[in-house]
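Could you put together the complete structure from these sequences and hints?
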Amino acid sequence: MRDVAIIGIGMTKFGELWEKSLRDLAVEAALKCLADAGTDRIDSITIGCMTGGLFNGQEHLASLIPDYLGRRNTPAVRVESACASGGMAVRAAFMEVASGMSDYVLALGVEKMNDVSGDLATAALATAADGDYEAFHGINFPGLYALMARAHMEKYGTTREQLALVAVKNHRNGALNPHSQFPMEITVDTVLKSAGVADPLCLFDCSPVTDGAAAVLLTTVDEAKKLGKQPLVVISGIGAATDTIALSQRKDILKLEAIELAAQRALKMAGKTIKDIQFAEVHDCFTIAEIMVIEALGIVEPGQGGPATAAGLTALDGKFPINPSGGLKSKGHPVGATGVAQICEAVTQLRRQAGKRQIKNAKTALTQNMGGSGGSCVIHILEAK
Amino acid sequence: MEVAKHWRETPERYRLEAGKCSKCGKISFPGRLICPECGYREFVIHKLSGKGKLDTFTIIRTAPSGFEDLAPYAVGIVELEDGIKILGQITDCDPETLKTGDKLVAKFRRINEDGKTGMIYYAYKFVPDVGI
Ligand SMILES: [Zn+2]
Numbered sequence: 001m002r003d004v005a006i007i008g009i010g011m012t013k014f015g016e017l018w019e020k021s022l023r024d025l026a027v028e029a030a031l032k033c034l035a036d037a038g039t040d041r042i043d044s045i046t047i048g049c050m051t052g053g054l055f056n057g058q059e060h061l062a063s064l065i066p067d068y069l070g071r072r073n074t075p076a077v078r079v080e081s082a083c084a085s086g087g088m089a090v091r092a093a094f095m096e097v098a099s100g101m102s103d104y105v106l107a108l109g110v111e112k113m114n115d116v117s118g119d120l121a122t123a124a125l126a127t128a129a130d131g132d133y134e135a136f137h138g139i140n141f142p143g144l145y146a147l148m149a150r151a152h153m154e155k156y157g158t159t160r161e162q163l164a165l166v167a168v169k170n171h172r173n174g175a176l177n178p179h180s181q182f183p184m185e186i187t188v189d190t191v192l193k194s195a196g197v198a199d200p201l202c203l204f205d206c207s208p209v210t211d212g213a214a215a216v217l218l219t220t221v222d223e224a225k226k227l228g229k230q231p232l233v234v235i236s237g238i239g240a241a242t243d244t245i246a247l248s249q250r251k252d253i254l255k256l257e258a259i260e261l262a263a264q265r266a267l268k269m270a271g272k273t274i275k276d277i278q279f280a281e282v283h284d285c286f287t288i289a290e291i292m293v294i295e296a297l298g299i300v301e302p303g304q305g306g307p308a309t310a311a312g313l314t315a316l317d318g319k320f321p322i323n324p325s326g327g328l329k330s331k332g333h334p335v336g337a338t339g340v341a342q343i344c345e346a347v348t349q350l351r352r353q354a355g356k357r358q359i360k361n362a363k364t365a366l367t368q369n370m371g372g373s374g375g376s377c378v379i380h381i382l383e384a385k
Numbered sequence: 001m002e003v004a005k006h007w008r009e010t011p012e013r014y015r016l017e018a019g020k021c022s023k024c025g026k027i028s029f030p031g032r033l034i035c036p037e038c039g040y041r042e043f044v045i046h047k048l049s050g051k052g053k054l055d056t057f058t059i060i061r062t063a064p065s066g067f068e069d070l071a072p073y074a075v076g077i078v079e080l081e082d083g084i085k086i087l088g089q090i091t092d093c094d095p096e097t098l099k100t101g102d103k104l105v106a107k108f109r110r111i112n113e114d115g116k117t118g119m120i121y122y123a124y125k126f127v128p129d130v131g132i
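As given, the protein sequences belong to chains V and P, one line each in that order.
In terms of the working numbering, the first sequence opens at residue 1 and continues consecutively.
In terms of the working numbering, the second sequence opens at residue 1 and continues consecutively.
For the record, the hints were derived by calculation from the structure and aren't laboratory data.
Watch out, some of these pointers could steer you wrong.
[Stated by the list, open to error] What the simulated footprint calls covered on chain P by chain V, stretch by stretch (three residues with Cβ under 8 Å from a Cβ of chain V suffice, anywhere in the stretch; the number is not a length):
(1) 14-25
(2) 39-52
(3) 59-65
(4) 75-83
Backbone N, C-alpha and C fix where the C-beta goes; we use that ideal spot for every residue, glycine too.
Spelled out as structure tokens, the structure:
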């Protein structure tokens with residue numbers, strides 16, 4: 001396998017972008033990425049998108065996006081793994097470069113969610129659950145994560161305030177990120193007094209419906225050195241794993257096995273342990289998700305995610321910053337773009353270009369992107385060389 | 001939803017039929033072609049008792065489309081006597097009084113319908129098990 005570097009990153013603003021279409025968003029992110037990379041070369045394109053079909057009545061992004069990017073004839077493929085589609089697209093691009101199949105691969109994530117009403121957007125997202133045995137019974141994703149939240153609270157004593165503090169922390173970070181959909185600070189009260197969605201979760205425990213796109217350009221480390229990229233950001237480990245699609249079929253619904261396994265695989269490939277990582281972008285689709293993910297990653301012991309968050313461990317100036325970008329909660333969650341956007345943030349931090357949200361001494365980062373209620377997961381380890 | 005899509009699931013939804021692995025005895029609901037425990041591919045039909053206790057639950061306040069009229073309603077994961085867990089709505093009780101560990105039993109109920117003139121979808125919901 002060839003070593004792989006990230007030489008370009010680009011993102012649209014995340015939000016309700018009424019004037020921009022699915023294709024506009026994809027092209028904007030790609031052009032920003034190429035400008036950042038300082039090259040126009042793309043040999044192949046991987047596209048992460050959960051469901052252009054349900055959100056926009058548009059599939060076949062493998063033709064649409066190269067066409068509108070002015071790259072007619074370039075090979076492209078869409079990669080789908082629900083909310084992990086973006087991270088999986090980066091993994092596919094990595095494999096293409098590492099294998100020697102292509103030298104310059106653009107991994108692009110995009111989701112245009114506001115072309116349908118909120119009801120239809122929620123229904124589209126619910127297709128990532130078990131359609132016949134979960135969604136059929138009237139449960140959606142806030143509900144599935146609420147089942148985990150109640151179990152976590154009852155088993156470990158995690159409190160409602162600790163859940164809220166995840167959102168408070170991520171909004172504090174997101175307020176420093178120009179790409180954020182909701183760049184405002186909030187308080188514990190904002191969360192607790194927001195509308196009830198699925199007990200114990202409220203509206204401000206949930207990531208929003210978002211339009212946005214993000215792109216990264218991958219090439220070999222040798223090519224990146226020829227281009228004089230400094231600091232050089234490499235992908236030193238990738239791990240992916242899956243779990244049951246139905247939450248009820250897990251032996252323990254508090255054990256995110258796909259996340260544990262993906263992390264072990266990524267860290268092993270990079271020759272690292274979690275102690276070698278300085279910060280992480282994780283999939284906080286709901287506040288409880290961030291708590292359970294930092295436990296599954298081994299950053300804290302099982303059950304300690306809530307107290308650790310309350311103690312400031314995961315704050316921007318804490319010992320292990322989580323979601324310096326603002327996470328899905330504040331930055332926004334255009335599902336197919338999320339996994340790519342996490343990597344854009346990690347690269348920004350590793351290049352020391354994060355401005356007011358810059359983490360000191362950031363050399364090694366982890367990004368964790370998952371689909372559904374943890375039915376699929378992909379984790380990347382990035383290093384500044 | 002299409003008629004065939006619902007009809008296909010009626011053994012599970014109407015009669016709580018699960019598959020029991022002929023080799024290791026693992027019960028799968030819904031049934032599968034391959035045992036997730038041992039990989040064996042032969043099963044016998046196992047009718048679930050429908051009785052169990054509430055493992056975890058939520059009260060849906062912002063309902064998905066088609067369920068708005070029901071809200072607020074409870075959905076939970078129930079650990080059945082058969083040793084497996086299944087997800088379903090919990091009804092015939094005040095959702096605010098539910099507690100994990102409550103004894104529940106599956107009953108045949110109306111879940112949803114395709115508009116005013118479309119198909120009506122029936123399946124199991126859980127109700128408090130008062131021994132009737
Ligand atoms: Zn078996």
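Quick one: see if chain V covers the stretch 14-25 of chain P, three-plus residues with Cβ-Cβ under 8 Å.
As far as the stretch 14-25 of chain P goes, the hint is violated, because 0 residues have Cβ atoms under 8 Å from chain V.
With a Cβ-Cβ cutoff of 8 Å, does the stretch 39-52 of chain P contain at least three residues near chain V?
Coverage by chain V is violated for the stretch 39-52 of chain P (0 residues, Cβ < 8 Å).
Are there three or more residues in the stretch 59-65 of chain P whose C-beta lies closer than 8 Å to some C-beta of chain V?
holds (count 7)
Just to make sure I understand the rule, a stretch counts as covered if three or more of its residues have a C-beta closer than 8 Å to a C-beta of the chain. Does the stretch 75-83 of chain P meet that for chain V?
holds (count 3)
Of the numbered hints given earlier, the model fails hints 1, 2; all others are met.
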